[in-house]
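Note that the protein sequences, when read in sequence, are chains Y and P.
Residue numbering for the first sequence is 94 to 491, as defined by my numbering.
Residue numbering for the second sequence is 52 to 122, as defined by my numbering.
Hint data in this document are derived by calculation from the structure and do not stem from the laboratory.
All values derive from a computational prediction rather than experimental measurement.
Be aware that one or more of the hints could be misleading.
Said to hold, decoys possible - Here are the simulated DSBU-like cross-link-like pairs (lysine-lysine), alpha carbons at most 30 Å apart as the crow flies:
1) P:K61 - P:K103
2) P:K74 - P:K103
3) Y:K366 - P:K74
4) P:K61 - P:K104
5) P:K61 - Y:K183
6) P:K113 - P:K74
Said to hold, decoys possible - Interface residues of chain P toward chain Y, partial, derived using beta-carbon atoms under 7 Å:
7) K61
8) S62
9) T63
10) F67
11) V83
12) T84
13) D92
14) C93
15) G94
16) L95
Beta carbons are placed, not taken as given, at the ideal position from N, Cα and C, and that holds for glycine.
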Amino acid sequence: MIDLDVIYLDNAATSHPKPVSVYQRVDTVLRNWSANPGRSGHTMAVEAARIIFQTRETIARLFNIADPDRIIFTPNATGALNLALLGTLKPGDRCVTTTMEHNSVVRPLHALAEKGVTVAKVGAARDGSIDPRAIAAALDSAHSNTRLVAVTHASNVVGTITPIAEIISLAHQRGVPVLVDAAQTAGSVPIDVGALGVDLLACPGHKGLFGPQGTGFLYIAPHMNVEPILFGGTGSRSDLESMPDFAPDRYEPGTQNTPGIAGLGAGVEFLLKRGVEQVRAHEIALVRQLMEGLAAIDGVTLHGPRDPERKSGVVLFTLDGVDPAEIGDRLDDEFGIAVRVGVHCAPQAHRTIGTFPIGGVRMSPGFFNTAEEIDRTVDAVSRIAKHPAVVDGSAVTA
Amino acid sequence: MTPNCIFVFKSTYLTFRAEREFKSAGIACSLVTKPRHISSDCGLAVRIPTDKKGDAGSVLEKQAIPCLGVW
Numbered sequence: 094m095i096d097l098d099v100i101y102l103d104n105a106a107t108s109h110p111k112p113v114s115v116y117q118r119v120d121t122v123l124r125n126w127s128a129n130p131g132r133s134g135h136t137m138a139v140e141a142a143r144i145i146f147q148t149r150e151t152i153a154r155l156f157n158i159a160d161p162d163r164i165i166f167t168p169n170a171t172g173a174l175n176l177a178l179l180g181t182l183k184p185g186d187r188c189v190t191t192t193m194e195h196n197s198v199v200r201p202l203h204a205l206a207e208k209g210v211t212v213a214k215v216g217a218a219r220d221g222s223i224d225p226r227a228i229a230a231a232l233d234s235a236h237s238n239t240r241l242v243a244v245t246h247a248s249n250v251v252g253t254i255t256p257i258a259e260i261i262s263l264a265h266q267r268g269v270p271v272l273v274d275a276a277q278t279a280g281s282v283p284i285d286v287g288a289l290g291v292d293l294l295a296c297p298g299h300k301g302l303f304g305p306q307g308t309g310f311l312y313i314a315p316h317m318n319v320e321p322i323l324f325g326g327t328g329s330r331s332d333l334e335s336m337p338d339f340a341p342d343r344y345e346p347g348t349q350n351t352p353g354i355a356g357l358g359a360g361v362e363f364l365l366k367r368g369v370e371q372v373r374a375h376e377i378a379l380v381r382q383l384m385e386g387l388a389a390i391d392g393v394t395l396h397g398p399r400d401p402e403r404k405s406g407v408v409l410f411t412l413d414g415v416d417p418a419e420i421g422d423r424l425d426d427e428f429g430i431a432v433r434v435g436v437h438c439a440p441q442a443h444r445t446i447g448t449f450p451i452g453g454v455r456m457s458p459g460f461f462n463t464a465e466e467i468d469r470t471v472d473a474v475s476r477i478a479k480h481p482a483v484v485d486g487s488a489v490t491a
Numbered sequence: 052m053t054p055n056c057i058f059v060f061k062s063t064y065l066t067f068r069a070e071r072e073f074k075s076a077g078i079a080c081s082l083v084t085k086p087r088h089i090s091s092d093c094g095l096a097v098r099i100p101t102d103k104k105g106d107a108g109s110v111l112e113k114q115a116i117p118c119l120g121v122w
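Can you build the whole structure from these sequences, using the hints too?
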């Protein structure tokens, strides 16, 4: 194994490292059971299908999902969100969403708007918070054709957690289902699908759930009528030219990512043993430490809520007069610290918080980061703030 | 040789659920390829001893697992 000695603070994009059991499970399955799941009766194919079955059941336990066959595997959260949005909304329908969404919601909705879907965006506050009453008001504005509310559970830019319980309650009172984008919270903030009554839940496998890249899922509640957006062989009802009418087959054509799904299963098992609450508590402690350290540096501005309890594991900051890209490159080159800079595929969220088009520096600690790493990170930013890069004899300005 | 019967389900997911519940109930079973004369699917079915057919049916009813048929 290559030891890069990196302080990895980009867990909001992809978590790293993974629990050792994830690497082991992927290796075992790829070496031994990587046949075509659900297509043949030989032992390797049966075991491949069993791995996918077991992962569905494991995910269902973590999220309190009563019907695991409604968990649809996708390549990532983007795939899940596309299925939810493109499979639900038709020309003439209306969707209520917010200005804090990632492009994985913004772009499918834009494509749908070009085909006649009306998209109503509810504004958020400067700290990224979304008022459920504003969602309710958008639903009450005499539009009987509102088919869906699509809302992020936490901003990928500033981490602000959305009060989804209240939003779901208000939307259901008005007869409108809710799609929750849990890209930033699945595995690190408890989500009880059964108790919340989530209609559609989109999750990446490679972030808080500790799976490999190329994994994710969409949960579709039994009452939701979602049309498939991909078509092909499923190993079931092969006599039909149309897709099967039952989940999960209806939405899962083609060969599954068996090794990846196996790794995802190991990641979720790790979370079930440790407890999402423990992950959450650790991330809150690191975020608090990081925010306090950064706030004490001259020229640093923190964006988003100041209370870590109101955030996922994301800290966004800017440094007066210094381009975020410069900070990111120096953190990497001089200190071995991996962060994400720019607008984080969420330009309208940056517009909402006032950091567009420059963006900011996003640091996202994960379960495997330590307090010592956070101290080193704060020290690195402090050094950069004291000695900004010099070009042609003058400090670089944003 | 003990005569067997085949339980067929519409999805692989339900097939594995049935297998798990049969085993939990102490019913010996195995997964086999769906016989061609029963289905054009590429998928699996559950094979159990015919004398356990009634017990298996009770398990499916108790667990609310829909079955396409028994052959």
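Hint check:
| no. | hint | verdict |
| --- | --- | --- |
| 1 | P:K61 - P:K103 | holds, 21 Å |
| 2 | P:K74 - P:K103 | holds, 12 Å |
| 3 | Y:K366 - P:K74 | holds, 25 Å |
| 4 | P:K61 - P:K104 | holds, 18 Å |
| 5 | P:K61 - Y:K183 | holds, 29 Å |
| 6 | P:K113 - P:K74 | holds, 14 Å |
| 7 | K61 | holds, 6 Å |
| 8 | S62 | holds, 5 Å |
| 9 | T63 | holds, 4 Å |
| 10 | F67 | holds, 4 Å |
| 11 | V83 | holds, 6 Å |
| 12 | T84 | holds, 3 Å |
| 13 | D92 | holds, 5 Å |
| 14 | C93 | holds, 4 Å |
| 15 | G94 | holds, 5 Å |
| 16 | L95 | holds, 6 Å |
The structure shown violates none of the earlier numbered hints.
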